[in-house]
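> Protein chains in written order, with our numbering: chain A, 1 to 279; chain B, 1 to 279.
Mixed in with the good hints there might be a few duds.
In this list, chains with the same sequence are indistinguishable; a pair is considered to hold if it fits within one copy or across any two.
Claimed, not checked - Taking lysine-lysine pairs in the BS3-like style, the calculated list, with each CA pair at most 27 Å apart, reads: (1) K83 - K102; (2) K96 - K79; (3) K83 - K57; (4) K79 - K214; (5) K102 - K228; (6) K214 - K83; (7) K263 - K214.
No lab work stands behind these hints: they were computed from the structure.
Given next are the chains, with one letter for each unit.
2 protein chains.
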Amino acid sequence: MHTTTLINGQYQDTILIGDRGLQYADGLFETISVVAGFPCLWERHLARLQLGCNTLKIAPIDFQQLTLDAHKIVANCTKGTLKIIITRGIGERGYKLPSKAKPTSILMLHPPINAPESWWQNGVQAQLCQTPISSNPALAGIKHLNRLEQILARMEWTDPNIAEGLMCNTQGHWISGTKTNLFLVLDNNQLLTPDLTASGIAGVMRSLVLDYAKSQGMKIQQGIVTTKALEQAQSIFLTNALIGMWPVRTLAGINYNIDSIPKALRTICSQAITNQLSI
Amino acid sequence: MHTTTLINGQYQDTILIGDRGLQYADGLFETISVVAGFPCLWERHLARLQLGCNTLKIAPIDFQQLTLDAHKIVANCTKGTLKIIITRGIGERGYKLPSKAKPTSILMLHPPINAPESWWQNGVQAQLCQTPISSNPALAGIKHLNRLEQILARMEWTDPNIAEGLMCNTQGHWISGTKTNLFLVLDNNQLLTPDLTASGIAGVMRSLVLDYAKSQGMKIQQGIVTTKALEQAQSIFLTNALIGMWPVRTLAGINYNIDSIPKALRTICSQAITNQLSI
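Kindly produce the complete structure, drawing on both the sequences and the hints.
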């Protein structure tokens, strides 16, 4: 499958070995749904990227130019996936920041996500992973390049019928899927999603769901998600910027009723990844 | 400063953008002292790299060829630093492992470490960092590419007189320096070094110190290091494969007596980075 790559504004497909993105995972990324020549939820992706750059003090970034480059690379794409990587750029050996900062921007246009239509309609099969997710408030929330934990968790299954695996921290609190955020629909139609102040990525689709649910007056809780909470939830669903929302059909031997997921939330997520969002 | 790079056996200085080392920090590294055409402590570095590859299931690696390549790139080097990166190689987008595994090996020959001679002789000034180090038993011990925590900690000081910063986990237990392992000499001439089963890198020089101290019948404890333990230690020293050992002269306002560090340990570390080890 062909991938088009734009590095610092130039079409090329290699980077210098001294880039700190490779040497130390010193960078961030975004993964964006592309429809009919537009990167979906661009403002939310850009806002998270800016937050990440602030947290890691990666600067200067010309976000206006990045926006132009993003629209340029996807201009002729009917349906695809845009991945953006920002690294701190070339540096000397060692953790110390380079004296002269010149971040690297990498934009890659990939094919769209490929999964059975039924995963959106009827829900997915998910599992609980053994690999723990780290707690570190200094890195929580942002979408940085340090992803070995997610890779180890993803190595725990090969069955193509399993769509996702959930990860918990070392206290046994469930934080997220390997590539998705986690939501529970509780008895009173309240939403519970894990607190991400110490672990996990604050997803763009998660923020859309939270904003929309709030605007509709739904009760939302960001807190601790125990195994018992998972077992007692009416419904569970997973979100990210490429899939929108996958309802969970079965998890750890429990079947969930996907009909108790508010229809409006499913619609919003579906519209978000097809660039049909009117809010 | 010139760097020579050998990638999968070829002299080149770029890698393909699709390499998972860049995309997800899916790899490992080693940093090795080079003296008179030899990579110091090669067997220990190779053993740790093999352990890391086993942990991350990065295979197949021809370690015999890697050894030949390492000796080839350093053959004419009087004094330098060899950095080796092993990544899982090129993959499709997503955390799932590539169906066809072909790891990337990268060998870089850098200049030697540059620090004042007094840091070895009279000790260094170190500080306590705020950035916590994560706990994750699945990744502890190995020298993987996910190093953002160390970078954030290293960003906490710019004073060139400060040689190193110590990092603690979210429970407040001290684990290591940003780039060194930590040892305390206690009252009864016992050594205490942090337990690394949940955090940190099990350094090659650390393992040499532990092995030698054990062979000499010294009491060694791998355990929890509290702030109180740091304050009450007779001496503190830091180790890695490039510096050997730096005694700590001052840390967080406390002056330490570097003379209570067993002389033999200082000698062993010094010999190790100059390829003069006779044990």
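> A separate judgement is required for each hint: does it hold in the structure or not?
The hints, checked one at a time:
1. K83 - K102: both (20 Å within a copy, 23 Å between copies)
2. K96 - K79: Result: close only across copies, 22 Å inter versus 41 Å intra.
3. K83 - K57: Result: close both inside a copy and across copies, 21 Å intra and 26 Å inter.
4. K79 - K214: Neither, since 30 Å and 62 Å both go past 27 Å.
5. K102 - K228: neither (48 Å within a copy, 42 Å between copies)
6. K214 - K83: Answer is neither: 29 Å inside a copy and 51 Å across each miss the 27 Å cutoff.
7. K263 - K214: Within one copy only: 15 Å inside a chain, 65 Å across chains, cut-off 27 Å.
When each numbered hint is compared with the structure, violations occur for hints 4, 5, 6.
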